[in-house]
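Protein sequence lines correspond, in order, to chains A, B, C and D. Residues 1 to 558, numbered by full-length UniProt numbering, are exactly what the first sequence covers, in order. Residues 1 to 547, numbered by full-length UniProt numbering, are exactly what the second sequence covers, in order. Residues 1 to 304, numbered by full-length UniProt numbering, are exactly what the third sequence covers, in order. Residues 1 to 99, numbered by full-length UniProt numbering, are exactly what the fourth sequence covers, in order.
Hint data in this document are derived by calculation from the structure and do not stem from the laboratory. Mixed in with the good hints, there may be bad ones.
[Claimed, not checked] Straight-line Cα separation of at most 16 angstroms, EDC-like style, residue types lysine to aspartate or glutamate; simulated pairs:
#1 D:96 to B:507
#2 B:465 to B:398
#3 B:420 to C:151
#4 C:171 to D:53
#5 B:531 to A:521
#6 C:298 to A:220
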Amino acid sequence: MSNSFVELHARQRAEALLDAGSTRELIGPFDNMISPHLEPQNIVPEADDGIVVMKGQLNQKDTVIIAIEGAFQGGGIGEVSGAKIVSALEHVLADNKAGHKEYPIIILDTGGVRLQEANYGLLSISEIHNMVIALKQYVPVIGLVPGRVGSFGGMSITNALLSYVIGTDKARIGLNGPEVIEQEAGVKEWDSSDKNLIWNTLGTKQRQATGIIDEVVDDDVNAFRTAITAAIDENKDSHRDQRGDFYLSLLDQLDPSQPLDIAGYDQLFKQVVAKPHHLAPATSGSQPGTKSRGRNWFELLTGIKNAQSDVPTVLHAQADGREYVAIVPAEDNRFPRVRHGEVGLQEGYTVASVINDLIAADADKPAAEKTPIVIVVDVPSQAYGYKEELIGIHMSLASAASAYARARQAGHKVVSFIPGDAVSGGFLAQGLQSNRLVALDDLDITIQAMSKASSARITQRTIAELEEATKHVPAMAYDIENYQKLGSLYNLIKGVKGYDSDDQAVATVKAALDDAFKSLEDAPADLSFRYTNDIAVNGEGGGRKATNKVRALMDQQW
Amino acid sequence: MSEERDWATHREAKANKLSAMSSMIDGKFAKTSDAKAILEGLIAPGDKVVLEGDNQKQATFLSKTLASVDPAKVHDLHMIMSSISRPEHLDIFEDGIASKMDFSFAGPQSTRVSQMIADGTLKVGDIHTYLELYARLYIDLIPNVVLVAADKVDRDGNLYTGYNTEETPVIVESAAFHDGIVIVQANEVVDKLPRVDIPADWVDVIIPADEPYQLEPLFTRDPQNITELQILMAMMAIRGIYEKHNVQSVNHGVGFNTAAIELLLPTYGEQLGLKGKIVPNWEVNPTPTLIPAIESGWVQSIHSFGGEVGMEKYIAARPDVFFVGKDGTMRSNRAFGQMAGQYALDMFVGSTLQIDQYGNSSTVTNGRLSGFGGAPNMGSNPTGRRHSTPAWQSLRPDNDPLGKGQKLVVQMVETFGSNKRPVFVDSLDAVEVRKEAKLQNVPIMIYSEDTTHIVTEEGIAYLYKTSSMAERQAAIEAIAGVTPVGLRSDPAVVKDLRARGIVAFPEDLGVNRNQATRSLLAAQNMEDLVKWSKGLYNPPAKFRSWS
Amino acid sequence: MNSLWIFPGQGGQTAGMLQNVDKALRSHVEELLGLKLLDTDEAYQDSVQLQVGIELLQVAQVNAMQAAGLKPHLVAGHSLGVFAAAYAIGSLAQDDLFRVVKRRAELMQGAYPQGYGMGVVVGLSRPEVEALVAQVNSSEHPVYASNQNAEDQTALSGELAAIDQVVTLAKASGAVLARRLKVPVPSHSPLMAKVGTQLAAAMADVTLQKPAGIYLTNYSGRAVRQVAPVREDLSNNLAHPVYFEAMMGVAHDYEPDSIVNFSPGRPFRKVLGQKFGDLHQVNLDQMSVSDAAFLLTKWERGTY
Amino acid sequence: MEKLHFNYAATQPIEHPIHIGVVASGDLEVIMKPTDKKESELNIVTGSDGFKEVWQNVLNRFFDRYPLLADFEINDFGATPGVVNLRLTQAMEALKDEQ
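Please put together the full structure from these sequences, using the hints given.
The structure is reproduced here in structure tokens:
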């Protein structure tokens, strides 16, 4: 209709929501802050890199709108766009901490990570998650999902973390696009040409009925203004990232070997009674578990042989005064889509329950005495499946990311140790919320935002072309050595491989972990190390130079 | 005087044929399974046969049956069809069942038509305008057999063609009163018809069809696909033509440009204060994009050539606006619609694929002999017309005491088409196609002399104001963008043409380009149209909004 | 089901593409032709290995589709792909196909030793390219406008030096792209007339059946239902341009409800998008026959 | 992707920077900034290769009609000449409205 919000582009959306005459854009199109990564890959850039940050007032309340332009590169998040969002949220947090009430609103219209800057995108999105979680302690962080793109990929996890989310019926929300699921799991799992199925599963109508979005309004500017005002005035927060008990109870009742359709799920959803879930630490078993690098190192570092757990894919235990958490493959697992170590519905919620229990147990301890956490990272991806999307796997991953972030923000030191793969949403949930990343220098490690097969399909290239194109571009590379050039790693451990198990290897890794934890004494509890270390600031291979430029300019213009 | 001449040979031949088939015909009714035998028995080699292929409604069952007859029994037919729409319409030429074709429109089969003419498989009588085709059914193309489609028939053989009556009456009448044979395929046989559209008396044979006739939602345009350029052009048209000429009655060709105009009337038109002042009367198919204008009170009446899938309930609930029978369903009539287009309307607004440097336009491009829809009738000026309206009078030349007004014929085009090829060209592809297909006339859709305005994203050329062909060309060049034609434009000449009101750019019309956004549309998608219709419009599945 | 099956020619082959081909069929063909198929990059430098390999892949896919209960209404092959197209529509028998394809490959190998090949011009119309070709073409330096793969994409076939001249002229005339292609033979031009004649002779005793649907011809871009034009297309298409754009235009008039793209590669993505919009397509290069059959059946039922 | 550069003699200096459009499929963004130079300078990044002549034609026509003196930055994602002209003239109009 004629006052459509969906039809507007990002800048117009921000202007339409804010009171006339109150607006000021930060790092706008005249500031020449374009992505340095697109032109070298023959992609036309945009002057604002697809993000509009605008200060102003909404019904006389100080507001900061962060609007993602869905029409530019599918609203994908890259280095500059990610840094604009993160730095803006940081300032909102600082202002609120200083007693200046200021309301952040994020307009999500995004496919998630921008594939041409995949590694930067994934880092940025984890940093956005961190800021949203921190901000919620002060103000509701409102999200809008107007459509057409909706909210996908890593940004669907953001979606789940927000206090209150408002959409229209022109939007969809999900972790993996149907095309990716078709690519990874076959057309019988999900036919990406079936628009009815897609909209009925991922559309906001279904999402509202099952708690994934809070409110669906008419496509009208005033409808959005009214809904936002109410959410702010009533301080609405759905605590969507802390519903683990409900979903774990739901999963207890689900038979993953049987097909699940929408009606069946709706019925299941209605009848679930949430029961508390706590996972006991792993114990030694008689039979070895399914082999993986994550299991190998979990067992080596905790000293538990043939570790076994009530949830076969999640191992946790304390050793040397540290909490170790690993997600591992289990070849006969009840949920078929996580048998190779993927992070699925059960894994995210279970990890969250472990960490939440730890936060609660240590709640009264001073920060220095809170149990340090080691995330053992070996996640080939998130789970690709129809049921996963129908139930909302992004909510599960958000629960895990939220738990790690809240632990860290509460004073737990969190270090990720990467002996295996660290891919996509799996990595966002299990690894990227730590304040130190330590990896083995092992070229068998794949670290990226999307599998090669899916990336090739989405960007309409062959895998060979993709490999050729990414080999020399750290922003897109798949190996740990290129990843180090971004500055995101605290330490790249030389001479140890993922399946090593000799004493020297173990000693080397333990020493590296000790060193990482030592570095966290008196260090900030945030994720700033990744863009402030020497490689990030000065590195020739890329680093986070653009991130730092954006941050400096945001400081200046704020 | 010698022997008395037999003055009823046609009647006797018809009676003989029918009685030869009497074992298969019970009253007027034949069995579905006998359809092929009936056609083989009633159609003679060389017959003139009208096969109902309308714009939307297709006598699918009869066309498929005709394609299955034995070419040894039925051959060399002379087909007369307003629309060549289906593969089997052409298969009958490959198999020798037919050899000659008179037609109007061949859009969906244009590549094959073009090839078959070039190969000599299909001989063309003429490519007609609709009215010429209908008219000649009564003069020199009087059919021996007509094959038509009805929605329902009753036990007596009365036909209900209802909503999609279209051209069934004009076809049936030409045969029924000149001893041609009228064969009808029926979706359904019922005891009581909602109303009688064609009396049983005109009908010879009825065959229940194995499946309902094919119906295409040809006039539905999803507002989702309307672009800002189309909105800008629509704004210019409303200001620079509808308002300027005080247009009261109009036909819109099918397309996104005119859909944009329809969706801007309740918003932009309202802002300009034009409601109640312009376009109360329409000759147009019940296009869904008119719903917002109807609902907001812009439209007094709409007469339609044919129906449109999904609009049935909405129309039934708006009898003040549409032509609706006592039974509550619309009656359409393409022949009357075309007549109205010629003689009653102030204006036709259409679009095309190519316009030459002189202003002639055609939708025929290389390799695609698409023929024409309603545009040539709607888009020509009947010089005998004398009923005048303010719009008609506003085109009257100042310097001629006997001068008279003119129908407004407006072409709206973007300078480059969707295939990125220029719309404005030095010479139409149609000129080449004429040579290849050995046609008598270049298949031009609307002639330069009839075209009064051209609207592009750059501006409007008021061609009726030009005093020479050179000036007309200069006016076209001024708005033809960076096409080969536009590149010839001389900035000094453009300035002069603008000063004299022969060419107008948006700023000359008071049109603000920055207002040309999709938010200005009264509906942005199909869902919005459904909301406007209060749930009465039911879009076909393929138009379901996916956002 | 009103499905259009499309069979590409050379270009998309990859080493290992025959891995999933029915083993019995493969050994049958190897025995029939007395030829060991190597399925390696080096082997695919050889015309016979390449052409037989591609047709084996396509025939195997056709067999699997038919075993799944699927058949085409329309078939379109591009160049070498005509043989699998004729097979799929029931016109050419399987063993005949392989014998003829082997012969075709052998004849092409001997046809032009060096200095001849193909090029492509994008962004000009065929008449525009033909005008440029006319400026260059001579009996000493022959060059022809050949395949029409899309409205604005015309191939060139002839002597390399002459192709280069046309490429230069095309760029000067505003072509978006003009370059040589890595094809060692001036296929689809009159320069191949002799091969056509030889192949026609070799095919003289091959029996063809009336197509069980619509066959789209390379040489004229026509839809045909008779044996004679199919025979002409199979034996002589090397001497004529492939009018693929026209083939797809005609196919469009038959209103297919789905398209099946056979392997190898997926060279027609763009032109099919232009002609058919978002019509349902399956790509056997990217999905199994079982998945393709699942989709086609689902679309036919209309449950989507 | 291709980078294009043009200069045009122009007579109407602009006073404020202006930004119009989005780098969406089939669309472009146009940025004009005030300049001290004597000529308008245009830097174009376009996703469609091989259209230099078309750009030149579009710009010739634009500067014939609206000789704006400014630094232009254009990021184009395959817009048609009509859309390019629309964005350029929208920027021109927005500047006029501000005055």
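Tested hints:
1. D:96 to B:507: Between residue 96 of chain D and residue 507 of chain B the Cα gap is close to 11 angstroms, so the pair holds against 16 angstroms.
2. B:465 to B:398: It holds: about 10 angstroms lies between the C-alpha atoms, which stays within 16 angstroms.
3. B:420 to C:151: Given pair residue 420 of chain B, residue 151 of chain C holds - Cα atoms ~11 angstroms apart, limit 16 angstroms.
4. C:171 to D:53: holds, 11 angstroms
5. B:531 to A:521: Violated: residue 531 of chain B and residue 521 of chain A sit about 61 angstroms apart, past 16 angstroms.
6. C:298 to A:220: With Cα atoms ~37 angstroms apart, residue 298 of chain C and residue 220 of chain A exceed 16 angstroms; violated.
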